[in-house]
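Asks: Read off the chains here:
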Amino acid sequence: MPRYGMVIDETKCVGCHACRVACHNQNNLEEKEAYNHLEEREYGKFPNFTREFLPVQCQHCDNPPCVKVCPTGASHKRKDGVVLVNKDKCIGCKYCIAACPYNVRIIKKEGYIEKCRFCIEFVEKGEMPACVTTCMTGVRMFGDLDDPESEISKYIIKHRLKQYKAELNTKPRIYYRKG
Amino acid sequence: MNFHKLRLTRRGFLKVTGATAGAISIGSNILDFKQWVEASIQTPIQKIPTICNGCGNRCGINAFVKNGRVWKIEGIPEANGNLGVVCPKGHGYLHDLYSPYRIKGPLKRVGDKFQSISWEQAYQEIAQKINLIILQNGPQSIFWVNYPQSNHLYALRLMHALGSPHYFTHGSTCYTARNAGWVTTVGELPSVDLSNSKYIMIIGRNPAGAIDLGQVKRIIEAKSKGAKLVVVDPRHSETAIIADEWIPIKPGTDLALLLAMINIMVKEELYDKKFVAEKTIGFDQLEEQIFNYPPEWAEKVCEVPSKTIIRITRELAQAKPKALIHRGYHGAFGAQYLNSFQTVRALAIANSLLGNINREGGIYFPKVAKLGELQPNHPAPELPKVGKLDGTGVPGRYPLGSYGDGIAHAIPELALRGELIGGFVYHYNPLRTNPNPKRVIAGYKKLELLVVIDTVLSETASIAHYVLPESFYLERTEAIDTKHSGKRAQVSIQQQVVKPMYNTRPGTQIIIELAKHLGIGKYFNFDIDEANRLRLKPLKVTLEELKEKGVLFVGEEWKEGFDKLETPSGKVEIYSKTLEKLGFPAIPRWEEPLVSPDPKDPHSFRLIHGKQAIHTHSMTANQPILMSISHRYDLIRLWMNKKRGEQLGIRDGDWIKVKSIIGEGKIRVRLTEGIHPSCVWLPSGYGIFSKHLKVAYDIGLSYNDFLPTYFDPTVGHVMASEIIVNITKI
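Each protein sequence line maps, in turn, to chains A and B. For the record, in the first sequence the residue sitting at position 168 is 168 according to my numbering, with numbers rising by one throughout. For the record, in the second sequence the residue sitting at position 484 is 484 according to my numbering, with numbers rising by one throughout.
Excised from the complex, chain A in its bound form (with noise of 0.2 Å):
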């Protein structure tokens, strides 16, 4: 069974938020809501500057802290590596929030806790997620990290990548590209 995972090349992101309109439309979200948001960063003095983008959204970590404060078990780790929330089970009580260190989840109206869901609905049947296909400068990369010779598995090893907070022993399955 492949265990899927990102990859996010932050030296390619423009800032334009296609990621986050495109899967807005995937997902039916309402006006306001969004499941992967941009952090904008400044570096250095005029006229020697550059400023970068951040794009984060739930990292489907291995070792993830949502899962493990959540009293129904709502917030849960499948085998493929997909961290998800059953709306059945979510009781609102918004300890996945707080536990959560990249502040990616949301409430629903209807009471419930989403996020990112890897698009696994579409995965499964072959597609890949709209935040990867939408975009002009090929920002995300996604695939099997179980697979050694996956394109994937391949450029992470050769680019060395970390992930994101990696010292909170998250082990997210969402590599960062940094310039």
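Hints were generated in silico from the structure; no laboratory data involved. For every residue, glycine included, the Cβ atom is placed at its ideal position computed from N, Cα and C. Do not take every clue at face value.
Incomplete in silico selection of chain A near chain B, CB under 7 Å [what the hints assert, rightly or not]:
id : residue
1  : H17
2  : A22
3  : Q26
4  : K32
5  : F46
6  : P47
7  : T134
8  : Y155
Using the hints provided, position chain B relative to the given structure of chain A.
Replies: Showing chain B alone in chain A's frame:
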């Protein structure tokens, strides 16, 4: 009909209902979003190719429909313009189909209010008034202005059938200096072969922010093959983020940089000697004059270090001919400064010295589909007997102006002078997108008849006598389109995806029906399908094939090189006799911008502007999903250099007052190291003042509020960045 072959290309999971033909009818639950989400789980999905209308790029998209409601769009991989991807505006704009701000039927102004009327009444009354105006003032007193859609041909036909030369595009506010500079030098507006280039220099253009998806994808491809990208821009643009080098230039001085680059190429003999000898004229005169512009001089003018100018020029020359300086669009020299035309001339000449004209990895002449004519089946009207009154193409007025585009922002002036009496505004909003709104409003209000064709009550629609509601782009089939040019031409089609929700009609149908009521129906004895078939005929593809795929390649592949250009000499005109005769510099020489900030006044800045990836002109600010991003990320602010801000006691996020000679406004500041100290940058797309558009109303500012009415002396463009503002903390 659209879906017969989808099964062959579809991914397995989508169940396509093969029996459905044409657009999908509206379900009863279409407006209740939540109900629709529940109902749509596990329902069949239809995929219909069409053309996005979220900006002018007209990207090829597949629209996905669930339960009669458009769910999402994806890019068509083959489409030259977007190569399979979609931008945030495209994803967001589709929701305007379900916007409560849509105009639901024809409207007539009665006093201060709009009254609903029938199409028939609207057509009859408009036709009566137009014919009366023509009788009293002549046909030239009627105009049509639009942001060109694929059906602009029919609008032009309508004006010609009436006998009026006054068809306008938005060009004078956008790109006419760029076009004229290229046409004068190489005979036509070229494209850029980004993916095969080894060295890409971009001045002012920002395809990653003012989005051109195909260009960005091709830049990324070139970079993956080792190309270098240099971005020259007063602001650290979105394209600068993916560049190897950002060169923050003093705005309005790009011409000085280019003159110095040409100087170095000539002095160090870095140019392509064979190309220059065989394919250009006037190099000798250039050689004589260019010594006035050494890089040390340019450094003082444009504030780019001379050693940087020398290094960049040598790097470009080393990579030639697979090296290019981007042809540009609006930014930097499309319609920005008094010196924009000469800037484009210098840019085209610098490219020519690299020998890159119509070469792989350089500047190239794209293949554009050559559509068939409606004649002889449908004879064309005679050309109008009088010329445009805006002065395009007239020596002594705007001799290099594009007659086809006209000068859109001259319409209010011509109206105030009583020369234009009535007109149509289609897919365009001059009250917000033209300079000096007070003057524009005065001009358009003076008209005896203003008919606006739009989907929402824009600023311009709000003051119209009649508003004709156009169907949303996903609801209508339109004229076939040749916008997707490239190494091989493409034709594409915008086609109906869902049936119209309201009493609206497609633009082309409105033109045809107007013509019939105006008594010129004999020139419009066709419907859109027949017209499309006739125009496709020479391309050897059928309308059915095109509707099935959305985008089709046609014609020959592009080939490198050229025998003869479309210039008078057939060569690259480094020296232009045309310009000499008109009294303009025949070889580019330095010209100051019209206005400059006072270096001694800490409150004085040049106001420049540019697009954000999430907004198009004035048409997306009222889109709640896109506007929520503007708010969430504080994108409505004015960019100001940090040091300059601190000198004025301004902190990041503070409110400030911005004042020019024609207007003032309040806005919050983004203090950043990423902008040249001499200017402030305002995102375009905000400053909506139509009270009908409640999501966007009174949020942010538009640079047009500060820009006086200018006409540059070459083409009559707006000179959009010739604005000095005084900034104070509130």
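Asks: Which hint numbers doesn't this structure obey?
Replies: When the structure is compared with the hints, only number 8 turns out to be violated.
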